[in-house]
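The primary structure of each chain is shown beneath.
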Amino acid sequence: NAGVTQTPKFQVLKTGQSMTLQCAQDMNHNSMYWYRQDPGMGLRLIYYSASEGTTDKGEVPNGYNVSRLNKREFSLRLESAAPSQTSVYFCASSEESGSYTEAFFGQGTRLTVV
Amino acid sequence: TQLLEQSPQFLSIQEGENLTVYCNSSSVFSSLQWYRQEPGEGPVLLVTVVTGGEVKKLKRLTFQFGDARKDSSLHITAAQPGDTGLYLCAGGRFGNEKLTFGTGTRLTIIP
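Chains D and C supply the protein sequences, listed in that same order.
The numbering of the first sequence is our numbering, which starts it at 1 and goes up by one.
The numbering of the second sequence is our numbering, which starts it at 115 and goes up by one.
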C-alpha cells in the first residue's frame, strides 16, 4: 500500500550542485505533479505531466527540469541549485473522478541549499 | 498571484471550542477540495465539493461550497488535539487536471 514514494526525504546541497528528486506511484494514475511548499505560500506547482511522455510547466518552473520516465515515475532535476530553491518538495499523482481531480501526495523532500 | 486566499493564516484555540476557516477566490472553480497536512507528511484529501451551495459533513467537520463557486468554508465543532495541522483548500476546473492550492491555515488545538 505504498501510494506515492519520494526519495530522498532530506538533502543538503551547496549552491551550484545538481540533484534529482525521484518519485514513483503504484496507483496507475495518468497525471503526476511536482510542487514546492514554502511558509505562507501553500503549494505551488512546478511541473506536471498529464500522461506518459508529456510534461508542462506550472507556476514556478524556472531552475527545474522534469522527466516522465514511464507511467509510474516522474523525476525533478535541479541543474544548478540556488538558495532560493530551499523548500519542501512534494510529488503527487491524481485520478480523474468524473468532474474533478483527487490528488495523492508523497511524504516530501526537505531540501536545503547553502 | 495566489488565486485562493485562506484565512486566518494561523489559529490557536482550546480543545472543545468551535472554529471556522475560510477559502476565498475571485475565480470560479468547478470543484473545491480540502486537505489536511501533518508535520513531516504530505497533504491528505478530506473532502471534495462540486455543487454551488453544497454542504458535506465528515464527523465533526462541515464543509461548504459557496453558491457562486468562488469560496468555501470548513467548520470544526468541538475541536480536538488530533485536528491540529495545516489545512489547505484546492480549486479544480473541469477538464483541467491541475489543482490550484490556497495559502493554508495552520491550526493548533490546545489540550
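Keep in mind that the hints were calculated from the coordinates and are not lab data.
You may find that some hints are simply not true.
As the list claims (entries may be wrong) - Quick list of in silico lysine to aspartate or glutamate cross-link-like pairs, DMTMM-like style, CA-CA up to 25 Å:
hint, chain 1, residue 1, chain 2, residue 2
1, C, K173, C, D197
2, C, K170, D, D26
3, D, K71, D, D56
4, C, K171, C, E119
5, C, K171, D, D38
6, C, K170, D, E102
7, C, K171, D, D56
8, D, K71, C, E119
9, C, K184, C, E155
10, C, K170, D, E52
11, D, K9, C, E152
12, D, K57, C, E119
So, going through the hints one by one against the coordinates:
1. C:K173 <-> C:D197: 12 Å, holds
2. C:K170 <-> D:D26: It is violated: about 29 Å lies between the C-alpha atoms, which goes past 25 Å.
3. D:K71 <-> D:D56: 15 Å, holds
4. C:K171 <-> C:E119: Roughly 22 Å between the alpha carbons, so the hint for C:K171 and C:E119 holds.
5. C:K171 <-> D:D38: 30 Å, violated
6. C:K170 <-> D:E102: Judged against 25 Å, a Cα distance of about 16 Å means the pair holds.
7. C:K171 <-> D:D56: 36 Å, violated
8. D:K71 <-> C:E119: Answer violated: D:K71 to C:E119 is near 33 Å, above 25 Å.
9. C:K184 <-> C:E155: Roughly 28 Å between the alpha carbons, so the hint for C:K184 and C:E155 is violated.
10. C:K170 <-> D:E52: 35 Å, violated
11. D:K9 <-> C:E152: 15 Å, holds
12. D:K57 <-> C:E119: With a Cα-Cα distance of about 22 Å, the restraint between D:K57 and C:E119 holds, given a limit of 25 Å.
Violated hints, in rising order: 2, 5, 7, 8, 9, 10; the structure is consistent with all others.
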